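Participant: Sequence:
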Amino acid sequence: MSRLMVRRTCAAFAALLCFVVAATPAAAHDPSFSAWLEKLRGEAASQGVSQATLAAALSGLQPIPRIIELDRRQPEVTQTFSEYMARRVTPELVEEGRRALRENRAVLEAVGAEYGVQPRFIVALWGVESRYGKYTGGFRVIAALATLAYDARRSDFFRRELLVALKILDKGHITPDRMTGSWAGAMGQSQFMPSSFQNYAVDHDGDGRKDIWNTPADVFASTANYLARLGWRGDQTWGGEVDLPEGFDPSLVGIDVAKLPGDWRRLGVRRAGGGDLTMEDHEASIVTPGGLEGAAYLVLDNYRTILKWNRSDYFAVSVGHLADLIGGG
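Positions 571 to 899 (this note's numbering) are the ones given, in order, by the sequence shown.
No wet-lab data here; the hints were simulated from the structure. You can take every hint at face value.
Lysine to aspartate or glutamate pairs mimicking DMTMM-like chemistry, simulated, CA-CA at most 25 Å apart: (1) K704 to E662; (2) K829 to D871; (3) K741 to D777; (4) K609 to D726; (5) K829 to E863; (6) K829 to D805; (7) K741 to D773; (8) K737 to E613; (9) K704 to E666; (10) K609 to D641; (11) K737 to D773; (12) K704 to E653; (13) K737 to D747; (14) K829 to D819; (15) K878 to E684; (16) K829 to D813; (17) K878 to D773; (18) K609 to D740; (19) K704 to E679; (20) K829 to E811; (21) K704 to E673; (22) K704 to D777; (23) K878 to D726; (24) K737 to D726; (25) K878 to E853; (26) K829 to D883; (27) K878 to D894; (28) K704 to D747; (29) K741 to E608; (30) K829 to D894; (31) K829 to E853; (32) K737 to E608; (33) K741 to E613; (34) K737 to D775; (35) K878 to E679; (36) K741 to D726; (37) K878 to D826; (38) K878 to D641; (39) K878 to D805; (40) K878 to D851.
This one's a predicted model, so the numbers in the text were calculated from it and none came from an experiment.
Assemble the whole structure, with the sequences as input and the hints as a guide.
Facilitator: Structure, rendered in structure tokens:
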């Protein structure tokens with residue numbers, strides 16, 4: 571090989587090496603995780619977190635490569651709406667929800683009366699988020715949040731959540747080993763991020779701890795408080811499926827277009843399967859999560875509140891439909 575070819579080969583290899591290093595998803599802005607963690611420890615202490623809590627939560631902490639993998643490889647949404655509903659609102663989930671409603675009726679009715687949220691919706695969110703507490707995620711929240719906060723991609727968001735999580739520990743609501751959740755830090759049976767816990771979690775049973783991991787009463791009250799604070803109306807449902815007339819104007823579809831039920835009736839909108847709309851005179855919108863050729867729903871303000879929990883029409887319709895089925899609709 572000539573010297574010229576060697577120089578060109580080396581130059582090409584160096585360029586490739588630079589590209590690989592630049593593309594590596596590592597938190598190169600900090601010299602080491604240990605140094606980063608020490609800085610975070612100081613920030614948490616300055617915000618009032620005790621040294622005892624910091625020692626219990628942060629000692630021996632290391633980033634979890636699997637979490638970075640999951641963050642980088644989140645699957646694209648490829649399910650159709652009908653596939654999503656078939657997999658998320660199953661006969662088994664409905665039956666489990668009805669049983670959960672029966673078995674917890676007293677506390678659910680008390681919580682529902684206090685916050686103005688119908689029990690069937692509390693149970694439906696419980697079912698959709700964690701299969702009624704069975705699947706809450708097996709990651710330790712502090713380690714998961716520290717990994718994502720150290721990583722460069724969304725460090726500011728997860729650093730704020732990590733600091734809030736440390737404050738939750740410091741107040742004695744849960745211990746570090748029992749503060750478990752998803753790889754992204756959503757915690758407990760209601761899958762609250764730490765900031766949502768801080769804003770909405772409730773100690774319903776009065777034991778001094780807001781326990782969304784192990785105490786159903788606290789899970790129910792925290793869920794209801796979240797919905798109520800975001801505008802839930804206890805005198806309304808969420809909506810329902812409707813039939814659209816031939817040639818329906820697609821510009822009228824969307825959560826931002828609101829009309830009274832009488833106006834929708836005059837435009838030819840009917841209850842699914844026929845019949846007039848029976849909703850009271852509250853402004854409603856038409857949504858078609860699967861496209862204009864798929865199912866259409868006339869939705870009320872409570873639907874918009876569910877969207878504040880999770881900004882997905884698939885999710886919101888699944889919660890509403892599950893709530894109706896759990897309630898006997």
